[in-house]
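J.: Next come the chains, spelled out residue by residue.
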Amino acid sequence: MTRYGGLGRTRPKKLTSKASIPIVREEDIDVLDEDIQSHQQIETGVEKAEESEFHLQVAINLTAQGKVNDAHIPTPETILSNLRYDELYPPLFSQPATYIRSSATVEDCCGCLYNMTEEDDVFLKIFNQKRDASNQCSEDNFEATMNFFEETAQAKQPFAAVDSPPVLTFAEMEEAMDAAVEEAVKRFAKEIYPHWKSRRTAEGSNNSLEPSLKFETGQDTDDSDPYVCFRRREVRQIRKTRGRDAQSAEKLRRLRKELEDARHVVALVRQREVARKEMLIMERTLFLQRAEVKEMKRKLNIKDDDEDLINQKPKKKVEPTTGQRPNPPQLRLPPRAGLQGAEDLQLLEDVQAEKENEILRDIKTNIAKHIKWNEGYVDHTRAPLSPSPERTFDAAAFRPAFTAQLPTPPSSDSSGDMMDTSLDVTSPIFSRDKLASRGMVLDEEPNKMPSFRRRVGRGGRLMIDRRNFAARCKIEMDPIKTDRFKFDQEDSDEEPVYEIETFNVQIMQHRAITMAKVREQAAVAAAQAHAQAQAQAAQVQAQRRLQSDQAGNQGGPPAPSAVAAPPEA
Amino acid sequence: MGVRDSHGEATGTPDPVEKGFATLNTIRIGVKAMVQKDGELRKAEILSIRQRKDGPSFYVHYVDFNKRLDEWIPAARIDLAQEVEWPQPEKAEKKKAAATNKAPSKNAQKRPRADSREVSGTPDALGGKNLNIDKTPRASQAGGKENLDAQTPGGDVSLFPSEAASAVATPKAADSEDVEMTDVKDLKEDEVKTASGEVISREEEIERLRTSGSMTQNPTEIHRVRNLTRLQMGKYDIEPWYFSPYPDSFSDVDLVYIDEFCLSYFDNQRAFERHRAKCTLVHPPGNEIYRDDNISFFEVDGRRQRTWCRNLCLLSKLFLDHKTLYYDVDPFLFYCMCTRDETGCHLVGYFSKEKDSAEGYNLACILTLPQYQRRGFGRLLISFSYELSKREGKLGSPEKPLSDLGLLGYRQYWRETLVELLIEPNREAMSENELALLTSMTEKDVHETLVVFNMLRYHKGNWVIVLTDYAVGEHNKRLEKEKIKGARRIDPARLQWKPPVFTASSRTWNW
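Protein sequences appear in the order of chains A and B.
Residue numbering for the first sequence is 1 to 569, as defined by UniProt numbering.
Residue numbering for the second sequence is 1 to 511, as defined by UniProt numbering.
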């Protein structure tokens, strides 16, 4: 056992929270000396002044000794009440199957907030004795009336608790009676008022009848008055900036718009429902009239196929006319009606987008102008005045060269399609910096699969572009220079002179591929030449024939058909 | 601040305590005397004195006992044969002034007290409500008095004509009638030590409360004399433990009625019955987020349910000494545990939780209502608070200071939770961090619990976690008990809850 209390003291290792600590049973370890255990003082978290309390100390000590269940802190007793519980709390609750969700507040659930006292009972009893049976004031009505007085007083004299103003007169109360006040309240108010007033003044000051909590009154005494509670936490003043103002204005505008939209929807729904009602009425009258017709028919003994008694075409017509007639205006009118509002309710985003578009449009027209000026010129400056539109490098135009086997040569018409889309050779912007950027791309992705494409250059030159060749020399070369060489090859067997390893597999493949290409092109060219030669031969023959014909026909003009006949390559 | 005083005496400068014999007439507030309690003599501090027909009665705080045991006692229980300790001199000066006035004015004091207390005996009582007529001014006087320098208590008196008669005869009679302990001293020396030992001023405390926090660490905040006598709630009559700022007129009635569901309060039985006839609330006004065979949990937002949450706070303040009601309930969520029967969901206990706790607390206040205590509900509440933390993916700890009961409850829960994990078969080693992550307890709480229960030991040059015989025994006992009674645990699968998200503006105060 390591002792650190005695001579051979070693400081215990520091324990980190991440350190894994072995778990052992008590019987598995030696009995330890108490004094070598850590005597860390552990905060109880209890108020310092209360930590020394007798019962708590007893409980803590018992816990330390392992007798938790004996630890008991005495508390005042609670006893069963003699309240008539079952009467006051009726067993009406039935638990829903799902979890309860509720947002009703106490005020929502309590009905009238004024509650009668015995004093009120006495008054009400006497009050009702004087009245006939039909004109009795119920407890509910009485409370509603008292509540009305209390609320009005609270609204008109919010600081009554502080400055004790005179009790509101009945005239003032009458003023406050608006449409929202119940009929019963109006009926009894005058007679109950004296009672309310006497109760209100009974306490010397003009205090609310219901005992209320003390809230802050703004006086200095508030702070140390233990009865003042639930003070408001002041909102920290947020710095006012224009941006924030604009934001809130924007929010308000949007809110208003949304509310207006909602209102429209409601109006439309109403309109629809009115129309539907109309339709129903119509159908009903139709039905009734048919019933009459039926009666008449029976009476007059008319026998026909009763077509007029069932909805056939009429039904289809009735529906569109009643259902759709109001609809189109519905769909179009409201936005028009709301247009005025919508116009001054332009959204900030829209305005901003509009502006941005304008700027973009401007730039575009400027570029177009520059292009027009430069027509017929090739801009060789490094940074042309009008930046050429960013052209994405169309990788799809390149065909991958499979290294595993020799690629079959691309069919010429499909490659022709591609070159049209990928490069607009006639465009004036097709210039050096475009190509330079391609050179850069080549350098950036040297390890990709090599690929090729064919295109037609100025003057109908055929060109093969290749890409992704792992030619090591490229690294040392100036990309612009490389680029210059790139298309400097002739349609010949001559390889451009690059310093390369002749027996590098990739280069050999490349050579094989390009050779194949060239051969193919040569074949094409040969075929063309052959065709042309044939055509020429045919022409020559035709001319000869013509000439001989002319000779025969005294030199008439050559027939146009004959000229058109020779096939063009 | 009896507790504090005693604490101060223990650690502060050894002021010579002035001792001497006292008579009933010279006993005054602040005096510490020996008092009969449960067959033994205990040192008690007099916090308040009131005159009744059968002589004065005294509100005493037993030194080194929790304030919930403070009580009104008749003079007979004070042992005057022993010397009493007089209050500290600087305080004594002021108190003496009050005390000297008191003796001659005794009759004068008696009268208003009799008027208001023994209503039935006074012929001029018009009705039930009259009870409060001269109560209100008197009570507010008591309240207002505290804010004044104790030397000018008369300033307030003249405001209240109803008291004028006695006030004129003995200018300071009002002061001594039902005198409550003034906090003058505490207002002067504004700094107090918190549980963690740091010194904070009153301003700092209030700022701290404003920005967050539900527990006050400042004894000046804690009113010393209980104001309610008895409480009627549901099927029970309950004795309150501490002061709570219910309307001040409530301190004069014998029984305050609390509606079990909406927690509204009434000082009048008829009004309470009328209210019950109208009230339709049968469960806490929020969403049920947990339900098992025995209990349900409701989540109530302090901002949306201001009245209900205020009512709840007022009620719980009666049983939580350090809870503060200084600021409003907006930044808290209240998780209310209920039992169900055919009348509704009855509130058993609750805990509050800050919507956004800067200090990583997962619980602000926790209370099992006294009528349901000692039945394991507190453990469920604690367990539920950690279940929420697990759902949030956070580690949490309760806000401090803890009460004595809170400390015991938490330590028990922590120990049981940790032992449960450690005792699992095939567990050979665990780090404190792992334990914390599995329980949602903070690493600090994990570590301290292990230390407190002597489970973290240094053995042969290494740290080991020792599953003590005691801990294992307790664990087995618990399993036995659960077998018989059925397990009372929170089942995470039944919790339908996503951590609510609040914007900054919805956390702050505004209408």
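Since the hints were made in silico from the structure, they are not lab data.
Just so we're clear, the structure is a prediction, and the values are computed from it rather than from any experiment.
By construction, the Cβ of each residue, glycine as well, lies at the ideal position given by its N, Cα and C atoms.
Take these hints with a grain of salt, some might be off.
To be verified - Covered stretches of chain A, as calculated for chain B (at least 3 residues, CB under 8 Å): (1) 41-49; (2) 352-363.
Unchecked claim - Residues from chain B that keep clear of chain A, each with C-beta distances beyond 10 Å, as calculated: (3) 41; (4) 77; (5) 247; (6) 282; (7) 294; (8) 488; (9) 496.
J.: Indicate, hint by hint, whether the structure satisfies it.
T.: Here is how each hint holds up against the structure:
Using a Cβ-Cβ cut-off of 8 Å, 8 residues of the stretch 41-49 of chain A lie near chain B, which meets the minimum of three, so the contact claim holds. For the stretch 352-363 of chain A, the proposed coverage by chain B is not satisfied: 0 residues have a C-beta within less than 8 Å of a C-beta in that chain, short of the threshold of three. Residue 41 of chain B, annotated as away from the interface, keeps every beta carbon of chain A farther than 10 Å; the closest lies near 14 Å. Every Cβ of chain A is farther than 10 Å from the Cβ of residue 77 of chain B; the closest lies at roughly 18 Å, confirming the non-interface assignment.
Its closest Cβ contact with chain A, about 4 Å, brings residue 247 of chain B to no more than 10 Å, contrary to its assignment away from the interface. A beta-carbon of chain A is positioned within 10 Å of the beta-carbon of residue 282 of chain B; the least distance is around 5 Å. The claim that residue 294 of chain B lies off the interface holds: its Cβ sits roughly 13 Å from the closest Cβ of chain A, which is beyond the 10 Å cut-off. Distance check for residue 488 of chain B against chain A: the nearest CB is about 17 Å away, which clears 10 Å, and the non-interface claim stands.
With a least beta-carbon separation of about 6 Å from chain A, residue 496 of chain B fails to lie farther than 10 Å from that chain, contradicting its non-interface assignment.
The structure does not agree with the numbered hints 2, 5, 6, 9 stated previously, though it agrees with the rest.
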